[in-house]
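*Asks:* One letter stands for each residue in the lines below.
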Amino acid sequence: MENRLKELRDERNMTQEDLAVKAGVSRQTIISLEKGKYNPSIILAYKLARVFQISIEDVFIFEEGEE
Amino acid sequence: MSEKLRKTTFWITILILAGLGIWHISNGLPGFGTGLIGGAIGVTAGRLIRQKKIRELQNKGLNPYDERTYVIAGKASYATIISGVLISGLFILLGSTFGPTVSVNPYNFLGYCLSIIVLIYIFFYYYYNRIM
Chain A
0 MENRLKELRD ERNMTQEDLA VKAGVSRQTI ISLEKGKYNP SIILAYKLAR VFQISIEDVF
60 IFEEGEE
Chain B
0 MSEKLRKTTF WITILILAGL GIWHISNGLP GFGTGLIGGA IGVTAGRLIR QKKIRELQNK
60 GLNPYDERTY VIAGKASYAT IISGVLISGL FILLGSTFGP TVSVNPYNFL GYCLSIIVLI
120 YIFFYYYYNR IM
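In order, the protein sequences belong to chains A and B. Residue 25 in numbering that gives the first Met the number 0 sits at position 26 of the first sequence, and the numbers go up by one each step. Residue 127 in numbering that gives the first Met the number 0 sits at position 128 of the second sequence, and the numbers go up by one each step.
If you are wondering where the hints come from, they were derived from the structure by calculation, not from laboratory data. Positions of the beta carbon are idealized from the N, C-alpha and C atoms, including for glycine. There could be a bad hint or two in this list.
Claimed, not checked - Far from chain B by the CB rule (all over 12 Å, computed), these chain A residues: (1) ASN2; (2) GLU6; (3) LEU7; (4) ALA19; (5) LYS21; (6) GLY23; (7) LYS36; (8) PHE61.
What the hints assert, rightly or not - What the simulated footprint calls covered on chain B by chain A, stretch by stretch (three residues with Cβ under 8 Å from a Cβ of chain A suffice, anywhere in the stretch; the number is not a length): (9) 56-62; (10) 98-112.
Let the sequences and hints guide you as you build the complete structure.
*Replies:* Take a look at the structure:
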């Protein structure tokens, strides 16, 4: 699943560590998410969307046939 | 398992190891006893260093035990079970067909099995940590 985490983070001048602290995860998790290696749980996706104050669909791009 | 229970279990295990080490030394097996005490000291030092690193991360507000850690641990556990079953099955099949009949010390044998399982788990944990 693709996501716009890096783009959103850059727009807000946030470091990976800042985002990790705000979402309550490790920096490694943010790195994995940005590289598209790890798909988050719905709770983490919600927390990340809340950090950017946008909806989950605006952060994560789900395409049919990915599951 | 809560942090308090984990800590208690760890220190009880270390005490048992060190106690057994002292017992072996006083009963004429200084090599084994020293090995046990050395192992207990090594594991304690390793854990204390790791705990310090984790505390530093937590003080920064990071969570080193987040959901990704549990996903990796789950995948590593599953891979360990599958490979453990396959390796054991193959070993039993080939050993019972072609291997010689040997007598083994069950405690040593269980120790080897446990070590192999732990090593396979560590291998898979690092593997999934790299690819995820």
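*Asks:* All hints, please: hold or fail.
*Replies:* Now for the hints, and whether the structure bears them out:
1. Every C-beta of chain B lies more than 12 Å from that of A/ASN2, the closest at about 14 Å, which supports listing it as non-interface.
2. Annotated as non-interface, A/GLU6 keeps its C-beta farther than 12 Å from every C-beta of chain B; the closest such distance is 21 Å.
3. Non-interface status of A/LEU7 relative to chain B is upheld: no Cβ of that chain comes within 12 Å, the nearest being about 19 Å off.
4. Distance to chain B contradicts A/ALA19 as a non-interface residue, since its nearest Cβ pair spans about 5 Å, not more than 12 Å.
5. The Cβ of A/LYS21 does not lie farther than 12 Å from every Cβ of chain B; its closest approach is about 8 Å, which violates its non-interface assignment.
6. With 12 Å as the threshold on Cβ separation, the claim that A/GLY23 sits away from chain B is violated: the shortest Cβ distance comes to roughly 5 Å.
7. Against chain B, the non-interface label of A/LYS36 is violated: not every CB pair exceeds 12 Å, the least being about 5 Å.
8. With a least beta-carbon separation of about 18 Å from chain B, A/PHE61 lies farther than 12 Å from that chain, consistent with its non-interface assignment.
9. Counting residues of the segment 56-62 of chain B whose C-beta sits closer than 8 Å to any C-beta of chain A gives 5, which meets the bar of three, so the coverage hint holds.
10. Only when three residues or more bring their CB closer than 8 Å to a CB of chain A does the claim for the segment 98-112 of chain B stand; here the count is 0, and the claim is violated.
Of the numbered hints stated above, those contradicted by the structure are hints 4, 5, 6, 7, 10, listed in ascending order.
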